[in-house]
Amino acid sequence: MKYLWLAAYTDIIESLRARWFMVYAMVFGGLIVILFAFGLAESRIMGFTGLSRLLITYIQLSMAMLPIFVLITTVRSVAGDREAGVFEYLLSLPITLSAWFWGRVFGRFFVVFLPVFLAMIGATVWGMAKGADVPWQLLIYYTGLLMALAWCFLGIGMLISTLARSADVAQGAAFVVWLTLLLFLDLILLGVLIQEHLPPETAVAIALANPMQVFRTATMMLFDPQLVLLGPTAYVILDNFGQMGYITYALLYPIALGTTCAGLGYLYFKRSDLP
Amino acid sequence: MIQFENIIKRFRRHQVLKGINLTIERGHRVALVGSNGAGKTTLIRCLLGEYICEGRVLVDNMDPRHNRRKVLSKVGFVPQLPPPLRMPVGQLIRFSASLCDTDPKRMVAVAGQLGFDAEHFHNQPFVKLSGGQKQKMLIAIALGRESELLVMDEPAANLDPEARHIFFNLLAEKKDRAAMLISSHRLDEVASLVNRVVEMDQGEIVLDDRVADLVDLSSRLYCSIRLIQPEDAFAKAVGEWGFSGSEGGLVWEGYIAGPDRLRFLGLLSRYAALLSGMEIVEAEEKESSVNVG
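First to last, the protein sequences are chains R and C.
So in my numbering, the last spot in the first sequence is 561, and the numbers never skip.
So in my numbering, the last spot in the second sequence is 315, and the numbers never skip.
The shape of chain R in the complex, shown without the other chains (with noise of 0.2 Å):
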């Protein structure tokens, strides 16, 4: 255990100096900053105004960015520090595979989730500072879902990470799983299947196995809770689910899927070349 958290306070020492993680934070701490400055916070939408209004605007957006930075981010560092030499020197020194491995991966996360959480905290503060009143529920909610889809990209990126050998192949891979579950979102392809006659249960069944869609789905829940602003699979979703069962479901399910391709990541690597 002390190996893997001296793993992963390495990577986190290592990624806090690293030239993505200043655009990371930028990106995300400016997106307030913008949506601070466009006056979001007093505009109002279907009865949702102040910061509620504005969690909601940044967790769209998140949802948008944060899938995509999770992924290059991940994909380059780890395939790009494989490449430079950063693993024969380090995998040199007497620590486990398994501590090296899961420790890069908790260090990971709490470098990819910090700033999202921080551009999160900076804006209830900063709201409260002007008075308005800071909706609690939602933004622990939102704060546990953006945890759990930031686990399940940085999975799906250390597994991408450990099956491509070269930090452009890793890269091309990762854009290409981006664009992918971008495509089989509610909206975009699923109206198109169900025009085309595809049984409801498959486009359903895509619809909750795309982790983008769960997390849009159970964001909207809470801000639109019949989901008419959603496409068709989100009544089935919802009628089948509860609110409820929905929200523990896109809770568990994208840290289900995040832990499954980082466990499919590390076998991986444990029996293949490690530089």
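Each hint should be verified, as a subset may be incorrect.
As the list claims (entries may be wrong) - Ranges between beta-carbon positions, derived for each pair:
#, chain 1, residue 1, chain 2, residue 2, range
1, C, Asp85, R, Glu369, 25 to 31 Å
2, R, Leu302, C, Ala295, 55 to 61 Å
3, C, Ala131, R, Lys288, 44 to 50 Å
4, R, Leu465, C, Ala179, 34 to 40 Å
5, R, Leu469, C, Ala179, 35 to 41 Å
6, R, Lys288, C, Glu195, 43 to 49 Å
7, C, Arg91, R, Met351, 38 to 44 Å
What the hints assert, rightly or not - Residues on chain R that point at chain C, a partial pick, calculated with CB under 7 Å:
#, residue
8, Met287
9, Leu290
10, Leu292
11, Ile299
12, Gly371
13, Tyr375
14, Ser378
15, Leu379
16, Ser384
17, Asp559
18, Leu560
The hints are simulated quantities; they were obtained by calculation from the structure and are not laboratory data.
Note that beta-carbon positions come from the ideal geometry of N, C-alpha and C, so glycine has one too.
Starting from the structure of chain R, add chain C where the hints point.
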């Protein structure tokens, strides 16, 4: 201590190691030489348990892949190219020392002996150090602990002559207790450090020979050179070895590390036409003659 038994390594269809059999005992200081693509780095990576290969690699009868902690805690590794680590020097020392269950002060002390003040560069990212400083840091991490096997890829290439001498002294302290595997493209770079030469070519061992072990790793030689005329290029070259000139740049005196003699003679050979006289003697011999005088 180390056994390679019929090691075969393939990258897709390309066979990089073709059935390597090699045994290395404690006290062996092996020069692993060969041209690019000979398989030296691949063999080292198999030894470190970083590559999966056919055959068996054993370090004290343990497979380095399945007993990573036990095996690698005995191994000090210095790569040819320093890794681009962004972590600060202090963090790298703490990280390595914690993994190796050793006191970070030992690594700091070895770095200090080599002329690198690790405390001063405590917060400096490793990647921003100069080539020589990085090399000293990696050597300090490899030697500042209980390593019984030293695996080094051109370890002294970036070191200044004084640091090289100290490095050879540090190796001399370990020479009976440890095995050393020193990889290089050129034998003359490492010849005087080793007592055995293994040459690889296209994935096979083509030469495995014991060599005369007459050079004391910790020895020092006094050297005096007389030129037929002063020469700036020569002054600059020997100045880097810490030599000082007299008689208007005609006479140069200084000390060289014993294992560096071949390297130094290589340098002098470039200025052979300038030399009018030369003396090289064991430093102790010279000092005693001075005392008698």
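Hints versus structure:
1. C:Asp85 with R:Glu369: 25 to 31 Å: Holds, since C:Asp85 and R:Glu369 (Cβ atoms, about 27 Å apart) stay within the stated range.
2. R:Leu302 with C:Ala295: 55 to 61 Å: holds (57 Å)
3. C:Ala131 with R:Lys288: 44 to 50 Å: Violated - the Cβ-Cβ distance for C:Ala131 and R:Lys288, about 24 Å, lies outside 44 to 50 Å.
4. R:Leu465 with C:Ala179: 34 to 40 Å: violated (46 Å)
5. R:Leu469 with C:Ala179: 35 to 41 Å: violated (52 Å)
6. R:Lys288 with C:Glu195: 43 to 49 Å: violated (30 Å)
7. C:Arg91 with R:Met351: 38 to 44 Å: Because 40 Å falls inside the window, the suggested range holds.
8. Met287: It is violated, given that the least Cβ distance between R:Met287 and chain C is near 13 Å, above 7 Å.
9. Leu290: Hint violated; R:Leu290 Cβ to chain C Cβ min 12 Å, cut 7 Å.
10. Leu292: Where the cut-off is 7 Å and the nearest Cβ of chain C is about 6 Å from R:Leu292, the hint holds.
11. Ile299: Result: holds, 5 Å to nearest chain C Cβ.
12. Gly371: Since the shortest Cβ distance to chain C is 5 Å, the answer is holds.
13. Tyr375: holds (4 Å)
14. Ser378: Status holds, d = 4 Å.
15. Leu379: holds (5 Å)
16. Ser384: Violated, because the Cβ-Cβ distance from R:Ser384 to chain C comes to roughly 10 Å (cut-off 7 Å).
17. Asp559: holds (5 Å)
18. Leu560: holds (4 Å)
Consistency with the previously given hints fails for numbers 3, 4, 5, 6, 8, 9 and 16, ordered from lowest to highest.
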